[in-house]
Every structure is written in structure tokens, then in C-alpha cells.
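Order-wise, the sequence lines are chains A and B. Start counting the first sequence at 4; every next residue gets the next number (our numbering). Start counting the second sequence at 266; every next residue gets the next number (our numbering).
No wet-lab data here; the hints were simulated from the structure. Hints should not be assumed to be uniformly reliable.
Computed cross-link-like contacts, BS3-like style, restricted to lysine-lysine with a CA-CA straight-line distance of at most 27 Å [as the list claims (entries may be wrong)]:
1. A:K17 x A:K56
2. B:K351 x A:K56
3. B:K335 x A:K191
4. A:K17 x B:K351
5. B:K351 x A:K155
6. B:K304 x A:K79
7. A:K71 x A:K56
8. A:K17 x B:K335
Incomplete in silico selection of chain A near chain B, CB under 10 Å [claimed, not checked]:
9. S31
10. R171
11. K190
12. M192
13. G193
Note that beta-carbon positions come from the ideal geometry of N, C-alpha and C, so glycine has one too.
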Amino acid sequence: MEEVIRQQYSEKEKLNIFNKEFMPHINSMYNFAYRLTLDADDSKDLLQDTYLKAFRFIDSFQQGTNAKAWLFRILKNSFINDYRKKSKEPSKIDYQEVETFYNSEDVDRQITPDLRVEALQDMIGDEISVALNSLDVDFRTVIILCDLEGFKYEEMAKILDIPIGTVRSRLHRARNLLKEKLSEYAKKMGYKNA
Amino acid sequence: MSNLSDEQGQRRKQDCPNKQECFELLQLILDGEATAEQKEKFTREHLEDCMPCYRNYHLEVAIRELLRSKCTGSAPQELIDDIKRKVVQNLAH
């Protein structure tokens with residue numbers, strides 16, 4: 004993390020930053036909190052904690068920098084420190100295993116599960132949401148940051164404190180896992196070759 | 266991207282020799298991380314000739330659209346008001 008230059012905002016400036024730069028991201032932040040905790044009460048608490056924390060540390064936010072990425076990073080850290088322990092998430096993914104998988108021949112099988120666009124278009128319910136939520140939290144996170152929130156790889160690397168190469172490989176794996184899940188649903192819906 | 270006509274479909278290769286590389290490049294393009302040159306080369310030269318990559322492209326686009334339409338939500342207004350109220354209280358102390 005780069006060196007933090009502390010500002011000294013007046014109370015009026017603080018409120019202004021909070022309302023103009025932080026609050027516009029509240030829906031995205033709520034969605035992120037919900038998708039991380041997968042619990043309505045926890046997501047509300049996590050969101051509130053994050054916003055209050057952001058306000059408390061507002062002097063380390065520099066105006067003109069990316070407020071959304073700054074907020075997402077605080078939320079992610081709060082989740083890891085305060086919520087992940089008590090959640091029912093399985094233990095952390097072994098990334099060595101992921102890398103091994105990624106470099107193996109087996110990866111070809113994963114690249115194009117034979118899922119068809121037509122099958123996706125018939126998924127008008129919450130299939131995709133359930134599929135996303137079923138992924139391990141680290142995989143879920145990169146899909147949220149990239150596909151839902153449009154963060155660039157470099158921003159994701161800062162939010163998650165991981166190298167860009169890891170962002171890419173994790174995204175690659177996450178997308179294949181998501182497609183596998185969607186393929187299973189498509190089969191259940193009667194798409195034989197999906 | 267043009268829709269697939271039968272004629273075009275028949276002209277395309279049915280197998281891709283560089284599936285993995287292509288899939289990685291496709292993700293870079295859709296994530297807005299590819300260079301203009303990479304993008305141009307892939308969409309102009311490869312995608313028009315390669316059926317698996319052409320299908321993959323449309324599938325990836327459809328998944329992203331589905332994610333954006335089904336996996337976003339709004340924070341409850343009550344919660345938003347509560348947060349704003351607590352911040353003002355915080356300032357007062």
C-alpha cells in the first residue's frame with residue numbers, strides 16, 4: 004500500500020466528501036457486503052461498520068482519488084477481520100492447488116463447458132445469483148469486483164492486496180467454476196448438451 | 266458483432282488450436298484490459314474464422330449481462346438513513 008498522506012478536512016468538508024463521494028456507492032457496497040456475508044443482518048452491519056469506519060478515517064482519503072475502490076477495500080478488510088471468522092465459509096482456498104490446476108492439462112476440459120447462450124436466456128429466475136453465491140468467497144469476490152462493479156485489474160489488486168497476475172488467474176478460474184454451475188442448471192432445465 | 270448466418274457458420278473452423286490462449290485473450294478484451302492491437306487482431310482475424318471462440322465470445326457476453334441484471338441490488342432506505350444519521354451524530358461528538 005502506498006504511503007498515506009493525511010489530510011485535515013474541516014467538518015463541513017468531511018460531510019461534503021461523505022455525501023458526495025461515499026454515499027453514491029452505497030448500493031454497490033451493500034451488494035458487495037451481502038454477497039460476501041450471504042446474510043441479511045450481517046450485510047447491514049458490515050455496511051454500516053464500513054461507512055462509519057470510512058468516516059472516521061476520512062483524513063486518509065485523498066479527494067480526487069478513487070473513492071469507490073477505497074471504500075471497497077475497507078469493506079473487504081472489515082469482512083476478513085470481523086465477519087469471515089464467524090461465517091460458515093469453508094477454510095481458505097489453497098492457491099497452490101489452484102495454480103497447479105490452472106497449469107494442468109485438465110484445464111482444457113474446464114474452458115468451455117458446453118453451455119449455450121439459449122440456456123442462459125432461459126435463466127430468468129435466481130439461478131445466476133445462486134450460482135455466484137455458491138462459489139468460494141475469493142472466487143465470488145473477483146467476479147463481483149470485475150463483472151458487476153467494473154473495477155480494472157490494477158484496482159482489484161489494490162483492493163484485495165494481491166498481485167495482478169493472481170487477479171487474472173483467480174478470475175479465470177472463477178469464471179470457469181461459474182460456467183460449470185450454470186451448466187448444471189441448464190442440464191436440469193432440459194438442455195441435454197448444456 | 267454480427268449475428269451468425271449459416272453461411273458464416275459453415276466457413277468457420279469447428280475446432281480452435283489455441284483454446285486456452287484465446288479464452289484468456291477474450292477475457293482481457295471483455296474486461297477492457299487488452300491493447301487496441303490485441304483486440305483488433307482477435308476480433309477481426311480470429312473470431313470471424315473460429316466457431317468455438319465465436320460461441321465463447323457470445324457466451325461470455327451473455328453471462329456478464331445476466332450477472333449485471335440479476336446480481337445487483339439496492340441498500341434498504343432505512344439503512345441508508347441510519348448510516349447518515351450516525352455520521353452526523355459522530356460529527357457532533
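Hint check results:
Distance check on the hinted pair: K17 of chain A and K56 of chain A sit about 13 Å apart at the alpha-carbon level, within 27 Å; holds. For the hint pairing K351 of chain B with K56 of chain A, the CA-to-CA distance comes to about 11 Å; that is within 27 Å, so the pair holds. Distance check on the hinted pair: K335 of chain B and K191 of chain A sit about 20 Å apart at the alpha-carbon level, within 27 Å; holds. Distance check on the hinted pair: K17 of chain A and K351 of chain B sit about 14 Å apart at the alpha-carbon level, within 27 Å; holds.
With a C-alpha separation of about 32 Å, the suggested pairing of K351 of chain B with K155 of chain A is violated against the 27 Å cut-off. With a C-alpha separation of about 32 Å, the suggested pairing of K304 of chain B with K79 of chain A is violated against the 27 Å cut-off. Between K71 of chain A and K56 of chain A, the direct Cα distance comes to roughly 14 Å. Compliance with the 27 Å bound is thereby established for this hinted pair. Between the alpha carbons of K17 of chain A and K335 of chain B the distance comes to roughly 34 Å, so the proposed pair goes past 27 Å and is violated.
Here the hint on S31 of chain A is kept, as its CB sits about 8 Å from the closest CB of chain B, short of 10 Å. For R171 of chain A, the interface hint holds, the least distance from its beta-carbon to any beta-carbon of chain B being 8 Å, beneath 10 Å. Here the hint on K190 of chain A is broken, as its CB sits about 16 Å from the closest CB of chain B, past 10 Å. The interface hint given for M192 of chain A is violated, since its Cβ lies 14 Å from the closest Cβ of chain B, which is over the 10 Å cut-off.
The closest approach between the C-beta of G193 of chain A and any C-beta of chain B is roughly 18 Å, which is over the 10 Å cut-off, so the hint fails.
Hints 5, 6, 8, 11, 12, 13 from the list above are not met by this structure, while the remaining hints are.
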